[in-house]
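What follows is the residue order along each chain.
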Amino acid sequence: MATTTKPPNRTRQRLVERGIELFLAGCGSLSLLTTVGIVAVLLFDSVAFFRAVSLWDFLTDTQWTPLVADKHFGILPLLSGTMLTTAIALLVALPLGLLIAVYLSEYGRPVVRNGLKPLLELLAAIPTIVYGYFALTVVTPLLQHLIPGLAGFNALSPGLVMGFMLLPLVSSLSEDAMLAVPQGLREGAAALGATRMQTALQVVMPAAFSGIMVSVILAISRAIGETMIVAVAAGQQPRLTLDPRVPVETITTFIVQISQGDVAQGSLEYNTIFAAGLTLFLLAFGLNTVGYFLNKRFQEQYD
Amino acid sequence: MTKSSVVNQYKDRLFRGMGIVATGLGLAVLLFLVGTLLWDGVQRLNWAFLTGGASRFAQKAGILPALVGTAWLMVLTALLAIPVGVAAGIYLEEYGRANRLAGFLEININNLAGVPSIIYGLLGLQLFARLAHFGASFLTGALTLALLILPVIIVATRESLKTVPASVREASYALGASRWQTVSQQVLPAAGGGVLTGIILALSRAIGETAPLIVIGAKVFVSVPHSVFDPYTVLPLQIYNWISRPQAAYFTNAAAAILVLLVITFLMNGLAIYLRNRWASEANG
Amino acid sequence: MVRLTRYIGHLSATILLLGSGWGCDRKSEKLLLIDGSSTVYPIMEAVSEEFLKQHPDLSIAIGVSGSGSGLAKLLRSDTDIADASRPVTSAELKTGQQAGLDLIELPIAYDGLSVVVHPSNSWARTLTVAELRRIWQPAAQGKLTRWNQIRPEFPDREIHLYGAGVTSGTYQYFTEAIVGTSRASRGDYTSSEDYNVLVQGISTDPLALGYLGLAYYLENKTKLKPVAIDNQQDSTRKEGILPTYETVRTGVYQPLTRPLFIYMSREQSRRPIVRQFVAFLLSQAPVLVRETGYVPFSPALYQLVRQRFTSEKTGSLFAGKKSSGTRLDQLLR
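Protein chains in written order, with numbering that gives the first Met the number 0: chain U, 0 to 302; chain P, 0 to 284; chain W, 0 to 332.
Source of the hints: derived by calculation from the structure; they are not laboratory data.
Among the hints, a few may not be true.
In silico EDC-like pairs for lysine to aspartate or glutamate, Cα to Cα no more than 16 Å straight-line [said to hold, decoys possible]:
(1) P:Lys59 with W:Glu49
(2) P:Lys59 with W:Glu48
(3) U:Lys116 with U:Asp69
(4) W:Lys142 with U:Asp69
(5) U:Lys295 with P:Glu105
Next comes chain U alone, as it looks inside the complex (with noise of 0.2 Å):
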């Protein structure tokens, strides 16, 4: 490019520079286009489905019917199926995963940090799909063999399994937020003589709130919008039940089976999967902007 031989047209360069910084600036906001996209894709068949269904009924109703005779439209199963698989989750992710971020920040040395670090990342690498199988094939038999009347299809095991997908996002996250906090407030600590854990529990930790924080919202986050896991292992029926061992929905496995099942577009069971969609993005998109401005509050906090 700037091997011409003739010396540079300074407003030719000049209309090359603007050129490209005009491409660079369309690039960037594709990513604007994508969520209008999204929105706008949502917006729409869901606005036909709500023509159809009051709002009322879509949120108070307890069933949720909507392939047949006689059609009910309540999100609630379906919702109450993909928070029962995401608290199991939470169950597990949350406790270990602290207990690994407060043992790698405060006890382990860099050598084994920088050891076990990547290892349990490849837990997060693990393609989704693969934890389906794991929870179908192996996790749900083992249960079977402990719980007595636990379906094969169940809440339980493949909420257990995201747990320990989850596990890499929280600890390293809050790991993370925990070597950010000044190594004076440790020093302070054990200078009026706490141990370990009551610098770890008592002053890192709190310091390191909003940081944590930003980890278990962006893990929820994750775990509702969690697809294969759940459609593999979790079942395909709708019910409005916090019982963890027989089979539930989640709104994820519900567009999953009905884009299987390709019924006709426009059709008012087709609008369904965008209205359960539309739900499931304004839960992502609140829990994503709270965990976005505790992180921007977060780093503020030590920049």
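For this one, chain U is given, so just place chains P and W on it according to the hints.
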């Protein structure tokens, strides 16, 4: 030593033990997972399995259409996502740091990165499969996955551009270079390792994606594709298909296909870690 | 780096151009698209596999989205052949005509829709059609939830229902034959267009009751237990009838014996790849249909189907009539 401090010492040790147990548990699950997959699947991993096609006999079925499909889809996705993603990253970091558009875009990209992948499937279904009439083809799949990994590439590009010292830019300007000349000839090469790492990680995520591809339309029986408008299957879809079948022989196939997918994923992640470390040591040295 | 960026730019442009070039032969003569019923899928899979062995230069893609979706795709020209476990409706035929598509209907095999339970289920050996109706009718939703509500001597335990997804021909046929009205069913059951999912559910759930195609039961004989069906039409019979190759072939397994079909537009049927495929299917059906677990027609009946195809006869044999209990050979003549 006082009694309470002795108790605290024990508590501290206990706490440390819990940390070790938790870390060990995470690693044990990883090992257990890989172990059961090896146990279930390694017997099926042979040349015939890698080069075979769809079959009604589980023992004869192979993953060639899925392997070819995965390769095609990744190449197409990379070609679409990398130029746009890197360009967007450059714009946000080098051109628009202060302007309002960039600030808005940053929040937006952050949010996009958190949108569940299945939502991208709905977008691809309506936009590419239906509106653009690409159907359940490679092109639809690649466009959808490209949008999905775009935020990852953008964020990675920005992060690595940030690590390039301002002195590099100032020196370049001092020599009379224009902004684009500075970016393309000085800053980007200096940040190249980090950008590459981000791209590999993004692609390793795309390679395992299943849900959006199901939403935009997955076939059950596919032969080796001939064009980008053909229907296709990829490894995760083939695995999902086999898991959905009740016969144990198909589970063995699924486990074997998972091993292939895991090898590819782990290799990509390993490469990314290696590049990151090499680049980090270069930057320091 | 500039060179690299430019190179990548050129490369992507080339690929996109190539892609749009390929787009011209989207209806490639080398690619056959099949979509539709999960019930019929095993036959399509077997025929395609054998067909491709003879024609390695051709490709086939099969989707499983249910009979209704397969036919809908056929009417949108999104697939070349639709396989279905129910006859086309007159409404669908009309939609086709409006789009300029005259459909050719080819029956290819018999299925015996099987009602199955978990192997450990010792009580539900026989169910009458009336009992099945009480279980599956829309009014049962949320009300009939325990086994002893079907018969007092059955255990007082929950019943977990598994059935076909709503776009499937199986759903339509089952509701028509059992409940009496097409598409009238309760909704609180595990539904899937993919019967493998149902097999997995039922085979791991001791309280399950479900229905699926004969091939799926025969393929999973050790994991499922069939329920004999008592039609109550024939007063000389005391017991119900189990779905087997013989009871389906002779047609005594009623009302759940039904024909399976493939459909294509008249225009599509003239394409060489479609001709080759259909000819191959009809010639191999006696072996392959049996192998997949369904019941083939007699050679004479296949000859009639072949004639129907070569003479390009459009429209349905059933023309909107109920398909349960009708003899195919009479209709084909």
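Handout entry: Restraint check for P:Lys59 with W:Glu49, where alpha carbons must lie at most 16 Å apart
Key = holds, 13 Å
Given the hinted pair U:Lys295 and P:Glu105, is their alpha-carbon gap at most 16 Å? At roughly 12 Å apart (the allowed maximum being 16 Å), P:Glu105 and U:Lys295 satisfy the hint.
query = Would the pair P:Lys59 and W:Glu48 pass a check requiring their Cα atoms to be no farther apart than 16 Å?
reply = holds, 11 Å
Problem - Agreement of W:Lys142 and U:Asp69 with the hint, judged by alpha carbon distance not exceeding 16 Å - result: It holds: about 13 Å lies between the C-alpha atoms, which stays within 16 Å.
Take a quick look at whether U:Lys116 and U:Asp69 sit within 16 Å of each other, Cα to Cα.
-> Status violated; Cα separation ~52 Å.
In this structure, only the earlier hint numbered 3 is contradicted, and the remaining ones agree with it.
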